[in-house]
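Produce the entire structure from the sequences given, and follow the hints as far as they go.
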Amino acid sequence: MREPTAADPVSTAATCCYHCGEALPPAFLCVTLDGAERAMCCSGCAGAAAWIRDAGLDDYYRLRQRDGSRVAAETADFSAWDRDDIQAQHTRDIGAGREVTVLVEGMHCAACAWLIDRALHREPGVLEVQANAVTGRVIVCWDTAKTRLSVVLTRLSALGYTPHLAPDEALERARRHERNTLLIRLGVAGLGTLQAMMFAEALYLDFDNQMPVATRDFFRWITFAVSTPVVFYSGWPFLAGMAREWRQHRFGMDTLVATSVLLAYFASLIETVRGGPHVWFDAAVMFVLLLLSARVIERLARQRANAGVDALARARPALAWRVAAHGEREQVPLASLQVGDTIIVAAGEALAADGELLDAPAQFDESLLSGEPLPRLHASGDTVFAGSVCRGAPAKVRVQRTGQDTRLSHLVRLVEQAQAQRPRLARLADAVAGRFVIALFGAAAITALVWWWLAPERAFEVTLAVLVVSCPCALSLAIPAALSAAQGALARLGVLSVNADALETLARADTVVFDKTGTLTCGQPAIDAVQCFAAIDQHTALAIAGALERDAGHPLAQAFRNASPGSAQQVQVHAGAGVSGCVDDVTYRLGRADFSHGGSDDGAIWLARDQQPLARFTVRDTTRPDAVQAIARLQQLRLRCELLSGDAEPAVSALAMALRITHARARQSPEHKLAHLRALQAQGHVVAMVGDGINDAPVLAGADVSLAMGGGAALAQRSADLILTGDSLRRVPEAIVLARRTRRIVRQNLAWALGYNALALPLAALGWVTPWLAALGMAASSLLVTLNALRLTSAPLPCTTESQ
Amino acid sequence: MSILAILIPISLVLLGVAVAAFIWAVRRGQFDDLETPAIDILADDSTPRNASESQRDTHAD
Numbered sequence: 001m002r003e004p005t006a007a008d009p010v011s012t013a014a015t016c017c018y019h020c021g022e023a024l025p026p027a028f029l030c031v032t033l034d035g036a037e038r039a040m041c042c043s044g045c046a047g048a049a050a051w052i053r054d055a056g057l058d059d060y061y062r063l064r065q066r067d068g069s070r071v072a073a074e075t076a077d078f079s080a081w082d083r084d085d086i087q088a089q090h091t092r093d094i095g096a097g098r099e100v101t102v103l104v105e106g107m108h109c110a111a112c113a114w115l116i117d118r119a120l121h122r123e124p125g126v127l128e129v130q131a132n133a134v135t136g137r138v139i140v141c142w143d144t145a146k147t148r149l150s151v152v153l154t155r156l157s158a159l160g161y162t163p164h165l166a167p168d169e170a171l172e173r174a175r176r177h178e179r180n181t182l183l184i185r186l187g188v189a190g191l192g193t194l195q196a197m198m199f200a201e202a203l204y205l206d207f208d209n210q211m212p213v214a215t216r217d218f219f220r221w222i223t224f225a226v227s228t229p230v231v232f233y234s235g236w237p238f239l240a241g242m243a244r245e246w247r248q249h250r251f252g253m254d255t256l257v258a259t260s261v262l263l264a265y266f267a268s269l270i271e272t273v274r275g276g277p278h279v280w281f282d283a284a285v286m287f288v289l290l291l292l293s294a295r296v297i298e299r300l301a302r303q304r305a306n307a308g309v310d311a312l313a314r315a316r317p318a319l320a321w322r323v324a325a326h327g328e329r330e331q332v333p334l335a336s337l338q339v340g341d342t343i344i345v346a347a348g349e350a351l352a353a354d355g356e357l358l359d360a361p362a363q364f365d366e367s368l369l370s371g372e373p374l375p376r377l378h379a380s381g382d383t384v385f386a387g388s389v390c391r392g393a394p395a396k397v398r399v400q401r402t403g404q405d406t407r408l409s410h411l412v413r414l415v416e417q418a419q420a421q422r423p424r425l426a427r428l429a430d431a432v433a434g435r436f437v438i439a440l441f442g443a444a445a446i447t448a449l450v451w452w453w454l455a456p457e458r459a460f461e462v463t464l465a466v467l468v469v470s471c472p473c474a475l476s477l478a479i480p481a482a483l484s485a486a487q488g489a490l491a492r493l494g495v496l497s498v499n500a501d502a503l504e505t506l507a508r509a510d511t512v513v514f515d516k517t518g519t520l521t522c523g524q525p526a527i528d529a530v531q532c533f534a535a536i537d538q539h540t541a542l543a544i545a546g547a548l549e550r551d552a553g554h555p556l557a558q559a560f561r562n563a564s565p566g567s568a569q570q571v572q573v574h575a576g577a578g579v580s581g582c583v584d585d586v587t588y589r590l591g592r593a594d595f596s597h598g599g600s601d602d603g604a605i606w607l608a609r610d611q612q613p614l615a616r617f618t619v620r621d622t623t624r625p626d627a628v629q630a631i632a633r634l635q636q637l638r639l640r641c642e643l644l645s646g647d648a649e650p651a652v653s654a655l656a657m658a659l660r661i662t663h664a665r666a667r668q669s670p671e672h673k674l675a676h677l678r679a680l681q682a683q684g685h686v687v688a689m690v691g692d693g694i695n696d697a698p699v700l701a702g703a704d705v706s707l708a709m710g711g712g713a714a715l716a717q718r719s720a721d722l723i724l725t726g727d728s729l730r731r732v733p734e735a736i737v738l739a740r741r742t743r744r745i746v747r748q749n750l751a752w753a754l755g756y757n758a759l760a761l762p763l764a765a766l767g768w769v770t771p772w773l774a775a776l777g778m779a780a781s782s783l784l785v786t787l788n789a790l791r792l793t794s795a796p797l798p799c800t801t802e803s804q
Numbered sequence: 001m002s003i004l005a006i007l008i009p010i011s012l013v014l015l016g017v018a019v020a021a022f023i024w025a026v027r028r029g030q031f032d033d034l035e036t037p038a039i040d041i042l043a044d045d046s047t048p049r050n051a052s053e054s055q056r057d058t059h060a061d
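First to last, the sequence lines map onto chains A and B. According to the working numbering, the stretch in the first sequence is residues 1 to 804, in order. According to the working numbering, the stretch in the second sequence is residues 1 to 61, in order.
Derived from the structure by calculation, the hints contain no laboratory data. Honestly, I wouldn't trust all of these hints.
Pairwise CB distance ranges, derived in the manner of DEER restraints [unchecked claim]:
id, chain 1, residue 1, chain 2, residue 2, range
1, B, Val-13, A, Arg-250, 38 to 46 Å
2, B, Leu-15, A, Ala-346, 55 to 63 Å
3, B, Leu-15, A, Thr-32, 25 to 33 Å
4, B, Leu-15, A, Glu-178, 20 to 28 Å
5, B, Gly-29, A, Ala-758, 45 to 53 Å
6, A, Arg-244, B, Leu-15, 46 to 54 Å
Each residue gets a CB set at the ideal place from its N, CA and C atoms; glycine is no exception.
Written out as C-alpha cells, the structure reads:
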C-alpha cells in the first residue's frame with residue numbers, strides 16, 4: 001500500500017473507490033491489484049483490499065456482481081462477544097469447539113460468501129465456516145483453545161461485513177432442521193416414485209395378462225414396499241394437515257390430497273391381497289411427489305424472501321452500555337436492562353430500548369421506524385425509540401420501555417395482527433375443496449349402494465373406478481401448479497412472492513396506492529436548485545458546500561456528492577444547524593438560514609461568509625427515473641393510481657402532477673393511510689399498496705395485496721406480500737400482467753379439471769370405465785393441467801401486448 | 001424369469017444407498033447454499049488453507 005497521493009497518474013481517472021464504489025475524496029489511497037493501481041476511498045477499504053490481495057483472494061473482484069460495503073477505518077470492538085453470558089446465550093458447544101450463527105450485513109452475492117468462507121478459514125483456530133449469501137447468515141465453528149470469537153469477527157468486519165448476533169439461536173436451528181426435513185421428504189418421494197413407476201411399468205406392459213400370477217403378485221408387493229415410505233413419510237405433511245383440518249371440523253385441500261393418496265394406496269393394497277385385476281400404487285406416489293415439489297418450491301421461495309429481512313427486523317444490539325450509580329460504565333446484556341437505567345449509545349449504534357433523552361440534544365436516524373430518510377434532531381427530554389441509530393455524538397438515554405414494550409416491537413405486533421386477519425382467499429379455496437370432497441364421497445357411496453343392489457360382484461370394482469377417476473388430482477393440482485410456475489416467472493421478473501395468495505389478489509386489484517418517499521422517489525436527497533447571491537458562481541458554491549459537507553460526514557452530504565469538491569479545514573459540525581469550516585483560508589458557514597447568516601429558517605440550506613449569504617440550495621428527493629412510465633402503464637391497464645404521503649402538500653401535489661396521478665393526499669399518518677385504505681375497500685375496490693418504510697408496514701399489511709421496495713425497511717418487507725428486488729418500478733405493472741395471466745391459466749385448469757370430473761364420474765358410475773382406464777385418465781388429466789401451467793414459465797413476459 | 005430374483009433386490013439395495021446418500025448430503029448442509037459452490041470452481045485456490053482445516057479434511061470431508 002502506498003502513501004496517500006492525490007495526483008497519481010493512473011488513478012486520477014477513477015472517480016469511485018475500487019472496493020466499495022463510493023465517490024473518491026480529494027485525498028485517496030492507492031492499492032496495486034492485478035498489476036494496476038486501484039483508487040481506494042479510505043484506509044479501511046485500502047486495508048481490506050490489500051489483505052484480500054495478500055491472501056491471494058483477489059479473484060473476489062472478478063467474481064463479485066456488485067461493489068462491496070465501505071469498510072470503517074477504525075476497527076470495531078467485539079471483545080464483548082467473548083463474555084460468558086453472551087456465549088451461553090448465542091453459541092453452542094460442538095465438542096471440538098463452539099458454533100455461532102451470525103447475521104452479516106453487506107453480504108450481497110455468492111462472491112461475498114466465497115470471500116468470507118476463504119478469509120475466515122485462514123484464521124488459525126477456525127474449524128468450519130458456512131457462509132450463505134441467500135439467507136445472510138454465517139455459521140462459524142472455532143476452537144476455543146486456539147482463538148477467540150472476537151478475533152474471528154474482527155477479521156470479518158475488517159473486510160466490510162458487519163456481524164450481528166442472531167436473535168434466537170434455537171429458532172435458527174429449528175428453521176434449518178425443518179428445511180432439511182422437507183428436502184429429505186422430497187428426496188425420498190423422488191427416488192421412491194422413480195422405483196415404483198418402474199415396477200408399475202412392468203405391470204402395465206403386460207397387456208394380455210400373460211404374466212404368471214406369482215410374478216405379478218411379486219411385482220405388486222415390491223411396488224407396495226417402495227410406495228409405503230413415500231406415502232407415509234414423504235406424504236406426512238398432507239396426512240398431518242388432514243388430521244389438523246379434522247380437529248378443526250373442516251375439509252380443506254390437505255384432506256382432499258391425503259384422501260386421494262390414501263384411497264389409491266389402500267385400494268391397491270386390497271387389490272394386491274385379493275389378487276384383483278389392477279393396482280394404482282404409482283398414481284398414489286406420483287401424486288405425493290408432484291404436490292410435494294410444488295410445496296417445496298413455494299416454501300423455498302418464501303424462505304428466501306423472508307430470511308434476511310425477518311432477522312434484521314428483529315436484530316437489536318445484544319449489549320448496552322449502562323451507567324452505574326457512581327458514573328462508571330459497564331456493558332450489560334439487553335435482557336438485564338431495567339426501566340429507569342441510564343444507558344449510553346455510541347454514534348452509529350442502534351438504541352436498545354425506548355427512553356428519554358438526557359443531557360445534550362442528539363440526532364437519531366429513525367428510518368427503520370418512520371421511513372424518514374434524514375436523521376431527526378431530538379432535544380433533551382424527548383422520547384427516542386429502540387431501533388433508531390444515533391448519529392453524530394454519543395447520547396445518554398434513560399430507559400423507559402424495554403423488550404416487548406418498545407415501539408418497534410409494537411409495530412411488529414401490529415403487522416402480525418394485520419396479517420392474521422387475512423386468509424380470506426385461502427378459506428374460500430378450502431371451502432370449495434371441502435364441498436367437492438364431500439360430494440365425491442356421496443357419489444361413491446350412492447354408486448356402491450346401487451351397484452350392490454344391481455350386481456354385487458361388480459360393486460367394488462365400479463366404486464373404486466368412481467373414486468379413482470374422479471380423484472381430484474387435476475383439481476388440486478390446478479392451483480398449485482399454476483402458482484408455482486408463476487413464482488418462477490415472478491422471480492425472473494425480479495419480484496419475490498412472500499404470500500401464496502398474493503398473485504390471485506393482484507390480478508383482481510383495481511386501485512394501486514403509492515407511498516411517496518422511497519417508493520416513487522429515490523429516498524435520497526439531491527440538490528434541486530441553487531440560487532447565488534454574491535459574486536460567486538453556482539459551480540464554486542457547490543464545490544465549497546461539497547468540501548464542507550464531505551468532511552463533516554453529515555447526512556445531507558450525499559446531496560453534494562457529485563459536486564467535485566475541494567478540501568476543507570477546521571470543519572466543525574453544529575448539531576441540527578449546519579457546519580462551518582475553512583476552504584482556501586476563508587471561513588464559511590453552511591446550514592439553516594438562522595445558523596449561517598442569522599436569517600429566518602425556510603427549510604433550505606444556505607452558504608454564507610461573514611454573515612453574508614452567498615448561495616441558497618434547495619434539497620429535494622429525486623423521482624425514480626421509471627416512475628412516469630410505470631404509472632402510465634398502470635393507467636393503461638385500467639388501474640386507478642393514488643398517492644398517499646406523509647409529506648407536505650406542495651411536494652406531494654408537484655409529484656402527482658409530474659406523474660399524472662389524479663388522486664393525491666398529503667400529510668397522512670400511517671393511521672390516516674390505513675383509514676383511507678379501509679374506505680376504498682368499503683367502496684368495493686381491491687387495493688394494491690406499494691411502499692417501503694416501516695411506517696407503511698401496517699398499511700401494507702392492511703391492503704388487499706402489497707408490494708414493498710427491495711431497498712426499503714425490513715419490517716415493511718416482512719408485512720408485504722410481494723417484494724420488488726432492485727429498485728425498478730416497472731416491475732409493478734409487469735407483475736400485475738403476470739398475475740392476470742396466471743388467473744387465466746388457473747381458470748382454464750379449474751374448468752378442465754371440473755369438466756373432466758363431471759364427464760368421467762357418470763361414465764364410471766355406469767360401469768363403463770375400468771379402474772385401469774380411470775387411472776390413465778386421471779394421470780392424463782393431471783399432466784394436461786401441469787403442462788398448461790408450465791406455459792407461464794416458457795412464454796415471454798411481454799409488457800406491451802397483454803391486457804385484459 | 002429367475003434373473004428378476006437377483007435384479008430386483010439389487011435395485012432395492014441401490015435405492016437404499018441413494019436415499020442414505022441423499023439424507024447424508026442434506027444433513028451435511030450440501031443443499032444450504034446452491035450458489036456459492038458454483039463460484040468456488042472458478043477461482044484458483046493455490047494457497048493452502050490453515051493447519052486445522054487440512055487436518056480436518058483428511059477425516060471429515
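The hints, checked one at a time:
Judged by the Cβ atoms, the range 38 to 46 Å given for Val-13 (chain B) and Arg-250 (chain A) holds: they are separated by roughly 44 Å. Take Leu-15 (chain B) and Ala-346 (chain A): their Cβ atoms lie about 59 Å apart, and the range 55 to 63 Å holds. Range check, Leu-15 (chain B) to Thr-32 (chain A): about 56 Å between beta-carbon atoms, so the 25 to 33 Å window is missed. Restraint check, Leu-15 (chain B) to Glu-178 (chain A): a C-beta distance of roughly 25 Å satisfies the suggested window 20 to 28 Å.
For the pair Gly-29 (chain B) and Ala-758 (chain A), the supplied restraint of 45 to 53 Å holds, since their beta-carbon distance comes to about 49 Å. About 31 Å separates the C-beta atoms of Arg-244 (chain A) and Leu-15 (chain B), a value inconsistent with the hinted range of 46 to 54 Å.
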